[in-house]
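Engineer: Chains A and B, in that order, are what the protein sequence lines are.
Here my numbering is used: the first residue of the first sequence is 1, the next is one more, and so on.
Here my numbering is used: the first residue of the second sequence is 305, the next is one more, and so on.
A hint or two may mislead.
[As the list claims (entries may be wrong)] Which chain B residues face chain A? A few, computed with CB under 8 Å, are given here:
1) Y316
2) F384
3) R388
4) N403
5) A533
[What the hints assert, rightly or not] Restraint-style ranges between C-beta atoms, simulated for each label pair:
6) A:Q220 / B:G362: 23 to 29 Å
7) B:R416 / A:T150: 54 to 60 Å
8) A:P213 / B:S369: 47 to 53 Å
9) A:V174 / B:S369: 43 to 49 Å
10) A:N161 / B:Q425: 49 to 55 Å
11) B:N309 / A:R223: 24 to 30 Å
12) B:R329 / A:L143: 32 to 38 Å
13) B:G362 / A:R2: 54 to 60 Å
14) B:E371 / A:H157: 29 to 35 Å
Source of the hints: derived by calculation from the structure; they are not laboratory data.
Glycine included, each C-beta is placed from N, C-alpha and C at the ideal position.
Now for the letters of each chain:
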Amino acid sequence: MRFTIFQESRKGAREVNQDRIAYTYSRETLLLVIADGMGGHVGGEIAAQIAVRLFIERFQQEAKPVLRNPLKFMQETMLRAHAALGSYANQFSMLETPRTTCVAVIVQGGHAYWSHVGDSRFYLLRQGKLIATTKDHSKVQYLVDQGLITPEEVVMHPDRNKIFSCLGGMADPVIDLSRRTPILNGDLLILCTDGLWSVCPVREMAAILTSTPILTTAPQMMRDAEARSGPEGDNLSAVIVRWGSETLADEPTTTDNLELGQFATQVDATVTLAERSGDKRDLTDDEIERAIAEIQATIQKYRK
Amino acid sequence: MPANNQALPGGYALLNYRIDRQISRGGFSIVYRAFDETGQPVAIKEYLPSSLVLRTEGDIVRASSAENLTSFRYGMKCFFEEGRALAKINHPNVVRVLNFFRANETVYMVMRYERGRTLQQQIQMRQDQMSERFVRHVFMQLLNGLREVHTHKILHLDIKPANIYLRTDGSPVLLDFGAARQTLTTNRPKLAPMYTPGFAAPEQYRDHDRLGPWTDVYGTGASMFACLAAFAPQAADARLQEDHLVSAKKIWSGQYSDNLLEVIDWCLRLDPLERPQSVFALQRAIRDIAPVKRKLTFFGNLKRVLFSEIGV
Chain A
1 MRFTIFQESR KGAREVNQDR IAYTYSRETL LLVIADGMGG HVGGEIAAQI
51 AVRLFIERFQ QEAKPVLRNP LKFMQETMLR AHAALGSYAN QFSMLETPRT
101 TCVAVIVQGG HAYWSHVGDS RFYLLRQGKL IATTKDHSKV QYLVDQGLIT
151 PEEVVMHPDR NKIFSCLGGM ADPVIDLSRR TPILNGDLLI LCTDGLWSVC
201 PVREMAAILT STPILTTAPQ MMRDAEARSG PEGDNLSAVI VRWGSETLAD
251 EPTTTDNLEL GQFATQVDAT VTLAERSGDK RDLTDDEIER AIAEIQATIQ
301 KYRK
Chain B
305 MPANNQALPG GYALLNYRID RQISRGGFSI VYRAFDETGQ PVAIKEYLPS
355 SLVLRTEGDI VRASSAENLT SFRYGMKCFF EEGRALAKIN HPNVVRVLNF
405 FRANETVYMV MRYERGRTLQ QQIQMRQDQM SERFVRHVFM QLLNGLREVH
455 THKILHLDIK PANIYLRTDG SPVLLDFGAA RQTLTTNRPK LAPMYTPGFA
505 APEQYRDHDR LGPWTDVYGT GASMFACLAA FAPQAADARL QEDHLVSAKK
555 IWSGQYSDNL LEVIDWCLRL DPLERPQSVF ALQRAIRDIA PVKRKLTFFG
605 NLKRVLFSEI GV
């Protein structure tokens with residue numbers, strides 16, 4: 001497998017970044033995942049974190065080096081994440097279950113498979129054309145389907161943030177699964193949260209990224225999108241893959257090259273295949289969350 | 305020269321707490337008084353290493369450069385060590401951690417708010433000398449707390465009067481585990497040491513392999529010395545070059561019991577092996593100190609006799 005990967009999460013105008021992004025791969029299989037946590041202060045972040053982590057952990061257990069059934073893997077992981085959020089809320093006596101959207105893509109054996117819950121999206125672009133995408137589980141998408149509003153009106157609609165399916169919600173999530181879709185060298189695979197797609201339409205992404213080195217143009221695209229989103233702007237995140245060889249890329253061999261999205265303060269959040277985690281690696285967001293959860297659990301345990 | 309980081313303003317809502325005012329500020333953190341949703345006061349410590357991060361306005365903490373972001377995250381580990389260390393300890397003489405959370409791109413530790421002042425302030429305020437009774441009372445209780453800390457395989461490593469808080473009822477609370485390390489375990493974190501001259505033991509300057517309960521014993525001895533002298537003993541690194549420290553026994557002979565002075569001198573030995581090897585050993589030595597003979601009034605004496613007869 002040869003591919004070039006870019007991932008970045010920017011905070012926009014929000015106080016916290018509740019988006020989590022990650023990718024991991026074995027010799028034969030690549031997983032990309034984005035979750036956009038929703039609601040209250042810490043809850044959203046935790047939900048997105050749990051969903052992304054569960055995907056990564058299960059992938060590393062099961063992709064040896066290929067997944068037997070990628071679609072089943074994604075469906076099961078989504079359901080497990082949903083259940084995990086419920087038990088997390090129980091364990092910490094939270095009033096409300098942390099909730100998140102989630103979109104995941106698997107590339108294996110020259111085919112792509114994807115699954116999503118909520119309004120985080122996947123776009124598959126070939127030669128500048130959108131050849132496949134996800135359909136949001138949102139009220140506005142329903143209105144579009146009914147012909148009541150146009151797709152262009154979605155981003156301005158007052159109910160644009162209302163989604164009817166998420167992980168951690170009261171009802172069981174609606175999980176969409178794709179077909180097995182062949183991909184070709186040069187194809188662009190883009191996962192993004194609503195913070196990005198609402199200010200940067202897919203046509204524009206295609207125009208910016210199609211015939212340029214993505215490691216150069218994607219960061220600029222993210223910065224521009226953040227600037228455009230203004231003082232009310234949401235967190236914006238993307239994982240972008242150009243399939244085939246572009247400018248770099250070693251043959252990936254292991255799964256230990258996992259990086260989780262960093263907060264928006266870091267401009268250069270680009271992760272390339274060349275990057276290896278060394279000994280003096282700083283704390284990842286994942287480790288920070290784990291440390292905090294551990295300390296909170298200890299405080300609870302020794303409370304009396 | 306790093307710019308001064310702005311403290312969170314009074315009235316600021318942080319998670320479910322409301323900031324009241326800044327209590328203190330150090331190189332690595334700011335401590336605030338705040339109120340929880342029930343109106344209870346708490347102390348909140350904000351991780352904010354002034355050399356690495358900037359907050360000139362608003363609430364979000366940003367690293368002042370890309371390399372600093374790495375160091376900032378790395379230093380966060382120390383803050384977590386402190387949280388981990390304290391979370392396990394529920395003892396009246398050790399500060400209690402109530403919550404730990406992440407916000408504004410940094411981390412916060414919520415502690416029980418205590419009323420009173422530090423032993424350092426107490427030393428500076430006093431005109432006359434501290435009584436032996438007071439010193440022994442404070443340190444016996446404090447050592448109970450420290451013993452609990454050591455039981456959890458944690459060393460405090462920064463025992464000094466500024467980190468000993470005296471509640472209004474006179475009971476001490478051990479504060480600030482910012483230097484604490486789980487050094488009694490096998491995987492020893494390799495972090496830059498923190499120490500306070502005068503109170504840090506010689507092994508904190510160079511032989512990190514030799515840190516142990518006796519290291520906190522040195523800090524305790526130095527703190528007792530400071531109670532008597534109103535200044536810190538000579539710094540241990542300087543003592544290793546040329547030891548000018550005059551023994552407590554020589555300075556205060558006759559004013560305090562020989563045994564108390566001997567214990568202080570014992571704690572301040574340069575060789576870690578020559579000091580009390582555990583808090584328990586130190587406590588036993590302090591207990592053995594015969595109280596100074598005080599002139600007893602007739603009624604005082606009577607009370608004493610009566611109490612001893614009824615077994616109080």
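Engineer: Does the beta carbon distance between B:N309 and A:R223 stay inside 24 to 30 Å, or does it fall outside?
Structural biologist: holds (26 Å)
Engineer: Cβ-Cβ distance between B:G362 and A:R2: within 54 to 60 Å?
Structural biologist: Taking Cβ atoms as reference, B:G362 and A:R2 lie about 44 Å apart, which means the hint is violated.
Engineer: Hint check: is the beta carbon of B:A533 less than 8 Å from a beta carbon of chain A?
Structural biologist: violated (37 Å)
Engineer: Under 8 Å, Cβ to Cβ, is where B:N403 needs to be relative to chain A, so tell me if that hint holds or is violated.
Structural biologist: Result: holds, 7 Å to nearest chain A Cβ.
Engineer: Can you tell me whether the CB distance of B:E371 to A:H157 sits inside 29 to 35 Å?
Structural biologist: violated (44 Å)
Engineer: Given B:R388 as an interface hint, is its Cβ closer than 8 Å to any Cβ of chain A?
Structural biologist: holds (6 Å)
Engineer: Quick check on a hinted range of 43 to 49 Å for A:V174 and B:S369, using CB atoms only.
Structural biologist: At 45 Å between Cβs, range holds.
Engineer: Starting from the range 32 to 38 Å, see whether the pair B:R329 and A:L143 falls in it by beta-carbon distance.
Structural biologist: With Cβ atoms ~53 Å apart, the hint is violated.
Engineer: For the range 54 to 60 Å, tell me whether the beta carbons of B:R416 and A:T150 fit it or not.
Structural biologist: For A:T150 against B:R416, whose Cβ atoms are near 58 Å apart, the range 54 to 60 Å holds.
Engineer: Please verify that hint: B:Y316, Cβ, nearest Cβ of chain A, below 8 Å or not.
Structural biologist: It is violated, given that the least Cβ distance between B:Y316 and chain A is near 12 Å, above 8 Å.
Engineer: So, B:F384 near chain A? Judge it on the closest CB pair being under 8 Å.
Structural biologist: Where the cut-off is 8 Å and the nearest Cβ of chain A is about 4 Å from B:F384, the hint holds.
Engineer: Holds or violated: 49 to 55 Å for the Cβ distance of A:N161 and B:Q425?
Structural biologist: Between A:N161 and B:Q425, where Cβ atoms are some 52 Å apart, the hint holds.
This entry does not satisfy hints 1, 5, 8, 12, 13 and 14, going by the numbered hints stated previously.
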